[in-house]
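Enquirer: Bring the two chains, given one by one in their own frames, into a single complex with the hints.
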Amino acid sequence: MTNTGMFFRMLFSAVFRRRSRAMMAVVASLVGAATLFCLAMICIAVPQQMNEEMRAYGANLIVTPTSSVDSSSGDKAGIDEAMVKHTTEMVAAKGSEKHATYRYENVRVNAAPYVMAGVDAKQVKNLNHHWVVDGSWPSDGKVLIGRDIADAIGLKVGSRITIGYRASDNSSSSSSSTDSSSSADSSDGTNGTTDSQQSSSGQAMQDGRVSSDIMDTSGTEFRVAGIVDTGGSEDSIIYATNADVNKLTGVTRGVDVIEYSAGASDLNALVTSINDMTSMHVKAQQVTKITASDTRIITMLQTLFWIVSLVVLVLTLVGVGTTISSIVSQRRNEIGLRKALGASSSAIGVEFYVESAMYGLIGGLIGTAVGYGLAQWLCVAVFERSIGFNWWLGVASVLLAALVAVVASIPPVHRATRIDPAVVLREE
Amino acid sequence: MDMLLELDHISKIYGDLHAVDDLSLTVPAGQWLAIVGSSGSGKTTLMNMIGCMDTPSKGSVKLEGRKLEDLNAGQLADVRKNMIGLVFQKFYLVPHLTAVENVMVAQYYHSVVDEKQALEALDRVGLKDRAHHLPSQLSGGEQQRVCIARALINDPKLILADEPTGNLDEKNEKIVLDLFRQLHEQGTTIIVVTHDALVASCAEREIMLNHGVLVGEKWNDDAAREAYEAAGGRPASTGAEVEGAQSGETAIGFADPTKAAKTGA
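Protein chains in written order, with our numbering: chain E, 1 to 428; chain L, 1001 to 1265.
Here chain L stands alone, though its shape is the one from the complex (with noise of 0.2 angstroms):
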């Protein structure tokens, strides 16, 4: 199995905090995981290093192979139009573009705008009829679905999604929910970054930090772990050394509450 995403014994460290440390983890293609913890975990400070916004103080981090470290900003920029889909709590949509413009953005820095492709793909995240409305006619639910279809309109290899339930009420957690189950039939790699356990429990795969430390691993899918270990998977693990750190070959049951009555799992 090719693994798409490799961490090899990544730190972020800013002066004596360590927002990640040292985590090695490897994630192959088409996989769905979960990054579970509590606010200042370290959960975002992972998801930059991965999605190319930040670089590590230590270790190494490989996206097909290709080490990041390596890049300049200005390649970094290209792996990351390439390469990446990002979705945020806030949606980050521009306030003065309509739905269809904000989609036709990400096209506009990745290759060629093509209006009637975003029309396609807000009609995907089931907005087409809201394609011409700005954001501040939309609701969170709606512009976190445009921010999906911005996510998605470039075809990229992985989706990073942070928080992207945080400000949506449960039925626009259950449409956001239902889009990446459908992303991930299709094949495209996802990593969530949560700390909502109902939204967690959707992935095929979870890990937690505490305080940037690795504490725990678990599976969903027990199919999609006999696979990952069949072609070479590893547990993610953690060098640092503190209590309860998931620093061996054995993955670290956790438990969350389950909330499959709510996600339709």
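Excised from the complex, chain E in its bound form (with noise of 0.2 angstroms):
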């Protein structure tokens, strides 16, 4: 046997046949590295649940085409399929992205002049699921209609709705002196692309409605599917699917809006580099209101985990320092007998902080797995979704816990080195 190998035998003979001291060191460092481990889990965890839980409040990313005007027909022309597609591809490319797309037109209800979405449902109800659907979403032949106009024209669901379509309504010159204002007010918040299509008739609205009316009451019947109540402007529109829209006007063409609900870490980059790429013919704009709202939430629970952290580590530090210092209290008779025996202060002293690192390391690797699950649980009973193990944090765990452990050892290891045989051996 080498000395080498005399040294881990002793060290494991420490270790493993003093398990009852063993123990209360190996705990002490277990309680520190599951607790941190935990804490700086869910610390990554939180940004990552928050964005996607502030996501499903509707978009952080609109887009919309630089001219609404095509340039030969001067009809509106939108954002076509293709162009869709590419935009969405440059989103999805920074990260994760949900999207929806509108095509807005005014219509007339009895006479009155309203504004009609046309969308994917499927896509509108994945983007913002804070709207409180009462009945079911848009299909062919049924529409969903804002709280505010059901109220207005008093309509319930499975009620029966006439909109009429008229080409004059959306003409250019009604609707070309509100573009530069469409994509100003988005920058406020979600309701901006819709306030601008409201008023993209170029008059005021009260209740969703047009304050002009003209007796006229003809046009297609659609079913009320239900009716959608978001406490915004989106209360104020019917919304239909594409196929309905493009049947009521007879037209078919791009849309207006594409919202994203982009988890691009960078925003401002991908907004940028969008409005870079002139010949697209779109403008991206950030919703600030979810942006900032969002970062500012995760910053105060991210600043909150670390000050916990920082308490807990410094707690482990006396915990494991005051076990380990039992232990080399307990231990002075052993070495006192190995400095008689010719050890040296440095040769003890190794000794016992890898001892310690040892506790750590034992007390790192199952307290890391102890705050994994704890982690886990938590993750799953407040965001309802698990969480993947992080190995970069894992090993970083450990070898805290280890650190800790040497650390907290030193001031107790220190005395120790300075024992006298002579008076620890003494027996009269």
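Hints are computed from structural coordinates only; laboratory data are not their basis.
It cannot be assumed that every hint is accurate.
Cβ-to-Cβ under 8 angstroms is the rule here; a few derived chain E residues that face chain L [as the list claims (entries may be wrong)]: (1) 13; (2) 14; (3) 18; (4) 338; (5) 340; (6) 343; (7) 415; (8) 417; (9) 421; (10) 422.
The C-beta atom is built at its ideal place from N, Cα and C for all residues, glycine as well.
Expert: Here is the structure:
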């Protein structure tokens, strides 16, 4: 057997043959490692989870056409399907994304003008989890009515509604004046796109209805599939499927707005990259209301977690230090004997530091596993989803536990190396 | 005759207390010396100074002609591990190491670990079959024999034993004294600190301390005495001016009950 072999034989004997003492040190490290790893996992998981939760409250990025009027025909052109796909690919390249497209038209109900949006119900539902829909989402021949409109007209789920389309209501002269304002408004929040489209007729609105009425009640009959209540401007719009809007207007064209819930880490860079592509003829803008509040809440939570982590780290140091100190004081005679046998102070120091590191490693390994279990349980309980094990964080947690154990053992081991064998071994 | 150990007017003083008071003593290689005295007489303090675990307040200690007061802590540790084997009354075995591992600990701090050699040392003290037992699984006598095997493993020039039979029954006391006798016959220098007159009587030479002062010296082996004196060895002495102190060139004898029947000597 080599001296290195003997070193580890002594080490393993100290750890595994003195199980009750070793257990105290391991448990102290375990508790610290478990708490720290759990907090760190949550610190990493929370922004991700919060981001996803916040993104359920609507878009954080909107894309509108730079010019809403076809230069040749003078009619609205919108963003065609190919450009929607291309833009979506650009957003998806920077992270996860959910999107919904909107085609806005001015329509008439009982001769009064309203705004109708052609949508893909599945997309809109997926993007706006906060929408409260009484009834069902729009489908062929069935529309979703905003709460304000339903109240104004006295509609209920299952009611019939006749919607008329007048090409003159959607002429370029009435809409072009508000093109610039549509994108400017959008930076205030998700409602910006709908606000802009509601005002696209160039006239003031009340309860979702344009103030000038023309006594013409002809149109296509739809059934009210549901009533949407968001508390926002969405409550003043009639939502129908794209196919129904195409059929109603007799025109198939591109969309007026694409709303994105983008998971890109740097939304500003994404906006810039889209806007730099002038050939796309689209303009991207952040919905600052969503992104700012998201960032603020995450920062607050992370700060809180890091402060708690720091407190736990200090408590772990104290706990492990006290335990190691107790172990060292119980082994005074052994230390005295080793010195009497010729051990140098540094040799004794190394033995105890490595032993402490071993307690830290064992405690760290078990603690990290326990911490992951706790973090997993918390995430399932709070966020209703599981989190994957972060191996880098796991390795860091185990190494930190070992380091903390060694640092905590410095004062007691330093005292141990100064033990006078003559005093310890004195028999008189 | 070469002197292995030379104490030159050494004192250990704690405040007003003189634990060892101005003692001069020479011990040649191969001698078996017993330091006797009642509790508190300064025996262990003297042993600690000889064993490089304590330093005298005054005077000089020489081991193989090397002055210990000139050495730093690291050098003293080297002297301790290379020249001295320690045997304690309370054994001081590492509780979580087996008997053979306890012997190997001394090898570890001395030079190179050799398990076979450690087992041979245990065999020498009659404990080969108990080599892989923990101290808690051994009797007091067996633990002391492990302690002796540990002291012997590095072939020290000097064995220092502090009350080696203090915690043993008669049977184990005899085994331990027989082991010392064997070591002495092999030429190992042995200094035993004891308050047991029987154990002391096994040594060639005895000195007695009382409150740190040398008060007597006697020889149990005349041939050894003659050889010592022929080689220029002188009786131990003290400079302490206390009644009954052995301060001159003449040894003052003292009486203790012999227990030859018990020791077999």
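Enquirer: Could you run down the list of hints and mark each one as holding or not?
Expert: Hint check results:
1. 13: holds (5 angstroms)
2. 14: Given a least distance of 6 angstroms, the restraint on residue 14/E holds.
3. 18: holds (5 angstroms)
4. 338: holds (7 angstroms)
5. 340: Holds. Min distance 6 angstroms.
6. 343: Cβ of residue 343/E sits 5 angstroms from chain L, so the hint holds.
7. 415: violated (16 angstroms)
8. 417: violated (11 angstroms)
9. 421: holds (5 angstroms)
10. 422: holds (4 angstroms)
Going down the numbered hints, you'll see the structure goes against 7 and 8, while the others check out.
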